[in-house]
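There are 2 protein chains.
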Amino acid sequence: MATTAISSGKLRGIMKLADASGRFKMMAIDQRGSMVTALADVLSIEKTDVKYDDVASLKTLITRILAPNATAILTDPIYGHPYSITEIPRDVALLLAYEESGYVSEGVAENERLSNPIENWTIAKAQRAGADAIKLLAYYHPDASEATLKHQQAFVKHVGDECEKQDIPFLLELVSYAFEGTTKSLEFAKQKPDLVIRSVQEFTDPSYKVDILKLEFPADLKYTDEYKDSAFYAGASAYDLSEVNDICEKLDGTSTLPWVILSAGVDIEEFIENVKLATAAGASGFLCGRAIWKKVFEYYPDISAVTEFLENEATANFHNSNEAAGIALPWFEHRQFGGAENIQLAKQSENWVQDY
Amino acid sequence: MATTAISSGKLRGIMKLADASGRFKMMAIDQRGSMVTALADVLSIEKTDVKYDDVASLKTLITRILAPNATAILTDPIYGHPYSITEIPRDVALLLAYEESGYVSEGVAENERLSNPIENWTIAKAQRAGADAIKLLAYYHPDASEATLKHQQAFVKHVGDECEKQDIPFLLELVSYAFEGTTKSLEFAKQKPDLVIRSVQEFTDPSYKVDILKLEFPADLKYTDEYKDSAFYAGASAYDLSEVNDICEKLDGTSTLPWVILSAGVDIEEFIENVKLATAAGASGFLCGRAIWKKVFEYYPDISAVTEFLENEATANFHNSNEAAGIALPWFEHRQFGGAENIQLAKQSENWVQDY
Chain A
1 MATTAISSGK LRGIMKLADA SGRFKMMAID QRGSMVTALA DVLSIEKTDV KYDDVASLKT
61 LITRILAPNA TAILTDPIYG HPYSITEIPR DVALLLAYEE SGYVSEGVAE NERLSNPIEN
121 WTIAKAQRAG ADAIKLLAYY HPDASEATLK HQQAFVKHVG DECEKQDIPF LLELVSYAFE
181 GTTKSLEFAK QKPDLVIRSV QEFTDPSYKV DILKLEFPAD LKYTDEYKDS AFYAGASAYD
241 LSEVNDICEK LDGTSTLPWV ILSAGVDIEE FIENVKLATA AGASGFLCGR AIWKKVFEYY
301 PDISAVTEFL ENEATANFHN SNEAAGIALP WFEHRQFGGA ENIQLAKQSE NWVQDY
Chain B
1 MATTAISSGK LRGIMKLADA SGRFKMMAID QRGSMVTALA DVLSIEKTDV KYDDVASLKT
61 LITRILAPNA TAILTDPIYG HPYSITEIPR DVALLLAYEE SGYVSEGVAE NERLSNPIEN
121 WTIAKAQRAG ADAIKLLAYY HPDASEATLK HQQAFVKHVG DECEKQDIPF LLELVSYAFE
181 GTTKSLEFAK QKPDLVIRSV QEFTDPSYKV DILKLEFPAD LKYTDEYKDS AFYAGASAYD
241 LSEVNDICEK LDGTSTLPWV ILSAGVDIEE FIENVKLATA AGASGFLCGR AIWKKVFEYY
301 PDISAVTEFL ENEATANFHN SNEAAGIALP WFEHRQFGGA ENIQLAKQSE NWVQDY
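Note that the protein sequences, when read in sequence, are chains A and B.
Numbering-wise, the working numbering puts 125 at position 125 of the first sequence, and it's gapless, one number per residue.
Numbering-wise, the working numbering puts 132 at position 132 of the second sequence, and it's gapless, one number per residue.
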């Protein structure tokens, strides 16, 4: 196998995101819209009345207690980073989010989603601030209108170009959605494998310059026959487990890049199953937020109860997730690289300084 | 005490350079000129005949075996970084050297020294390449001619400005020298405290924007009375131990910045004493190269003997140095900061993204 050359900043950044064995065990605490909604719900107030300080404080607390279990923390530069920077241990890498939370649908079909950047936030700024990698969430439905597809593709390309320029790893998160109804349905469960895999087909194109994909589980175990007896089973099946395994294998076959699984707020029991199935198929780990810590909202605003939950149950959730990812494929073993021994610094030579 | 605000990139970078308790246990392998000279000596060849690959390979080997003991590795972008990047563990920070090895004396008095940058190498490049901090070595003699002083001061200022712009920690190494004769003399031992302390006075001026100082031990234990029975004693005394302690205290009193001790190639026994005395006086650790690994040249080119030395004696040297630095002052306890609880992100607010 030919050696694979990786540029200096990307190589060092990817090494930091993973553990020493090359497996990603990363936590997301970059939620903004969903966290404001959850706090509004538990406090029985309007979303616009949720205080900035309350969101920032809760993020800081979650980061402080859980970050030591992670190989990397993904946070946002609005509520997260300015207050939790000192809570991320020196040996836990820092991923900063690039996109504005949520999406807009103006100018395109009502149920289509456009992602946008945070105002005044750039990849170069994130790098100066200490980010080891950039995360971009892009909503994507491969059957959206041409205008929506073009917008999302251009947005991803822009981030890919800027990350290349700054030589910082680009982690792209793809989130599918339903044109009609909800993603929590038998019908969507049936569509999901196709949506996820076709999205991966699009964004593994080298023109997007993505380094790592953060993907939804490509099926829905709530609608999988073998999980009939689990608490999360939704009462109907879209597939059986062998079909789900085939879907995961197909996803892995499609992804020419290392990929990790996201949790999309499912319960921890379901997430652990997702991690096991995904890593068995070739995923390199996870980047998980709510599945680990979402029960904080059951205890909020009782901070001591929140703290106790984080120190015990959430920490156990993290340990169990890490254990489930024990069989994850080290990123450098992905067929793109073919093993640590095949990886070499791009432009490696005595003229590296001049050529870099 | 008022809170001290540190910008995001500098804060995160400094945290990475130190261990979790705030103590710096860093290794230097950025030697170029001195390593070429040493290899020429042991191979009995001209310096110009020393092969690039041999220097790069030896640096890679030293880095591979010793880096796991360090909180940070300082390497150079010529022989070091391009080949050893994958040998630095994910949780060991990366310091890259900015200056060209050695010095020039053209255009100034014969025995004065001017430091210069590596051609085509910039702070921004180093940051993109993955550096967590920048190291600059500046030769400095406070009694040099005005032209030399101005050149060195302007050089340091340039790096300070660029590091501020890129928001990356700036570690300044100051090395004194003798106008006449050698630094290995009783006469120089007597001058050294004054030279080191006056240099620190100069470069702690806020206009240089230095974050951490890498300093010579401000006296010379080879000429200290109490070390008469040690192998390194030079046969005459410039001071006794209580005077050396006073000198260290005076240095610490002068340094308004956290400082670490360098080894300047002394034997490990002397270096350990340096670390003990310096950290007792307020140093925050060390950044040490040759004292730990210089005996490789006794075994070179027998790579298996070099490897055995590194795995055993050099590793023990590192452990002993780390132990000696156990009482180092955590950087955030330096009076500049006054404790972790007083440190806060600069521009910390919900508008951080806009203001940063």
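Warning: the hint list may mix true and false statements.
Note: identical chains are not told apart, hence a pair may lie in one copy or across any two.
With a cut-off of at most 25 Å between alpha-carbon atoms, the simulated SDA-like pairs for lysine to any residue come out as follows [claimed, not checked]:
#1 K51 to E341
#2 K276 to E106
#3 K165 to D143
#4 K228 to T183
#5 K51 to S242
#6 K125 to D91
#7 K165 to E46
#8 K347 to Y300
#9 K150 to D49
#10 K165 to N120
#11 K165 to I45
#12 K190 to T307
#13 K347 to A67
#14 K150 to S242
#15 K347 to T60
#16 K150 to Q354
#17 K190 to P206
#18 K51 to E146
#19 K294 to Q201
#20 K250 to G102
Everything labelled a hint here was simulated from the structure, so no lab data went into it.
All values reported here derive from a predicted model rather than from experimental measurement.
These are the hints, each one checked on the structure:
1. K51 to E341: Answer is between; shortest inter-copy Cα gap is 24 Å, intra-copy 51 Å.
2. K276 to E106: Result: close neither inside a copy nor across copies, 39 Å intra and 66 Å inter.
3. K165 to D143: Neither: 31 Å inside a copy, 44 Å across copies.
4. K228 to T183: For K228 and T183, the Cα distance is within 25 Å only inside one copy (19 Å; across copies 80 Å).
5. K51 to S242: Answer is neither: 47 Å inside a copy and 58 Å across each miss the 25 Å cutoff.
6. K125 to D91: Close inside one copy (21 Å) and across copies (23 Å); limit 25 Å.
7. K165 to E46: neither (42 Å within a copy, 41 Å between copies)
8. K347 to Y300: neither (52 Å within a copy, 28 Å between copies)
9. K150 to D49: neither (36 Å within a copy, 57 Å between copies)
10. K165 to N120: Answer is both; intra-copy 18 Å and inter-copy 17 Å each pass.
11. K165 to I45: Neither: 44 Å inside a chain and 42 Å across chains, both beyond 25 Å.
12. K190 to T307: This pair counts as neither: shortest intra-copy Cα distance 39 Å, inter-copy 58 Å.
13. K347 to A67: between (35 Å within a copy, 23 Å between copies)
14. K150 to S242: neither (35 Å within a copy, 74 Å between copies)
15. K347 to T60: Between copies, since 17 Å is at most 25 Å while 40 Å is not.
16. K150 to Q354: This pair counts as neither: shortest intra-copy Cα distance 37 Å, inter-copy 28 Å.
17. K190 to P206: neither (29 Å within a copy, 63 Å between copies)
18. K51 to E146: neither (38 Å within a copy, 58 Å between copies)
19. K294 to Q201: Classified as neither: same-chain Cα gap 31 Å, cross-chain 53 Å, threshold 25 Å.
20. K250 to G102: neither (29 Å within a copy, 57 Å between copies)
Of the numbered hints stated above, those contradicted by the structure are hints 2, 3, 5, 7, 8, 9, 11, 12, 14, 16, 17, 18, 19, 20, listed in ascending order.
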